[in-house]
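Student: Residues per chain, in single letters:
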Amino acid sequence: MNIAIVKYNAGNIQSVLYALERIGLSALVTDDAEQIQKADKVIFPGVGEARTAMQYLQERNLDQLIQNLKQPVLGICLGMQLMCAHSEENETTCLGIFENKVKYFTSDTPTIKVPQMGWNTISQLKTNLFHQIPEKSYAYFVHGYYAELSEYTIATTHYIQPYSSALQKDNFYGVQFHPEKSAAIGEQILQNFIHI
Amino acid sequence: MLTKRIIPCLDIKDGRTVKGVNFEDIKDAGDPVTLAALYAAQGADELVFLDITATVEKRKTLSELVNKIAHRINIPFTVGGGIRSIDDVSVLLQNGADKISINTAAFENPFLIELIAKNFGSQCVVLAIDAKKEEDDEWYVYLHGGRTKTNRLVKDWANQAVSLGVGEILLTSMNHDGTKQGFALDITSQLAMALPVPIIASGGGGTEQHFYDVFTEGKADAALAASIFHYKEMSIPHLKNGLSQKGITMRL
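If you're matching them up, the sequences are chains A and B in order.
Taking my numbering, the leading residue of the first sequence gets 1, the next gets one more, and so forth.
Taking my numbering, the leading residue of the second sequence gets 1001, the next gets one more, and so forth.
Don't read these hints as lab results, they were simulated from the structure.
A hint or two may mislead.
What the hints assert, rightly or not - Here are the simulated PhoX-like cross-link-like pairs (lysine-lysine), alpha carbons at most 25 angstroms apart as the crow flies:
id, chain 1, residue 1, chain 2, residue 2
1, A, 38, A, 7
2, B, 1132, B, 1180
3, B, 1219, B, 1246
4, A, 7, B, 1118
5, A, 70, A, 101
6, B, 1132, B, 1219
7, A, 136, B, 1246
8, A, 7, B, 1068
9, A, 169, A, 38
10, B, 1118, A, 103
To be verified - Non-contacting residues of chain A with respect to chain B, defined by C-beta distances greater than 10 angstroms in every case (computed):
id, residue
11, 70
12, 117
13, 126
14, 169
15, 187
Even for Gly, the Cβ is constructed at its ideal location relative to N, Cα and C.
Construct the entire structure; sequences and hints are all you get.
Tutor: Here you go:
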């Protein structure tokens, strides 16, 4: 099993690598087109800002590479948002794999913080990505922007309003939460992705 | 719903846990990685590691420790203590820390906050504030582990720090720390109501009721404690179950 983690100018890439190592897997962190293309599974992680991340990907032609991958791809957090059509974060045109728009959380209540930071539930779970994951399991989130609900939604979370905490279209999967930091549930989700 | 968070804090010196004793069920009480793994398995929502080593070798020891923790722990963790530069931050994040906490260095050089937030994102910048209520009933910022008083009001400093890019505030009341008489509800709720970032309350947690109060009246997003967990005065599952039964949203 060859797992490639896409290396780009975003944080938490090491955390994803370490999480795979904890469940007995190794992965290659790389921005090399050939290595990514020939991998069995590709993970597209990320914590950061949408526009600079997209620019970085475009400068290296990684944008087209990711769009054309045929093996299972898992976007995490910013990675998932970049797989959507557009992000309100600095009005960025993204990869357009999912037709969703990514919007900024707005709250009128002072004690409801933006970004959302912490543990929240994932519900209405669909696809094998959530094999053996109970409804309303807790996952760890850190994000100020969210993907709207759509036909691609495979997990729903409620913060201010319901939104897509996971998306799927063909071979592309995306999760808004951090499976690499979501305790045993997160490790199970990573395992599930590897077995897709 | 987003849960309230329970965060055990481990003080580290020369790569070992200080304070931690009396652990019958773990072989090496001084090993922070073992203790952290135990807390994570018990349902801690996050962990904070505070390095109090004062030697020149500390940075290397700490980054090695952070790397070991990151390989072992499957929940988010924050590392703090003596972070003074963007390079310090970079090394810790590369070794797997999710967030870093800064205190005195940020007060002396607020630009550091902006620099870290710009390079690594606000989500990884936790501002630790040691606060003390003086006779004039105002809360003041203290530095150098509580040894140096400043004339800056906590609310003013917290406000400025958030505008510079801090993503979370770890507020420790020096009046309450170590007393086990409850958290500082007034300043905690004041910051929680005024600021758009989560507030982690620290200092004074001794009973389940104290945690209940700080999440309701204190409006804290998270509560941190050390000795009550280290000395097994309270177990994390017991605390979280109790709070959940009282209506506080907890990850069980």
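Student: Give a verdict on every hint.
Tutor: Here is how each hint holds up against the structure:
no.	hint	in the structure
1	A:38 with A:7	holds, 15 angstroms
2	B:1132 with B:1180	holds, 16 angstroms
3	B:1219 with B:1246	holds, 15 angstroms
4	A:7 with B:1118	holds, 19 angstroms
5	A:70 with A:101	holds, 23 angstroms
6	B:1132 with B:1219	holds, 19 angstroms
7	A:136 with B:1246	holds, 20 angstroms
8	A:7 with B:1068	holds, 22 angstroms
9	A:169 with A:38	holds, 21 angstroms
10	B:1118 with A:103	holds, 21 angstroms
11	70	holds, 30 angstroms
12	117	violated, 5 angstroms
13	126	holds, 21 angstroms
14	169	holds, 27 angstroms
15	187	violated, 6 angstroms
Comparing the model with each earlier hint shows violations of hints 12 and 15; every other hint is respected.
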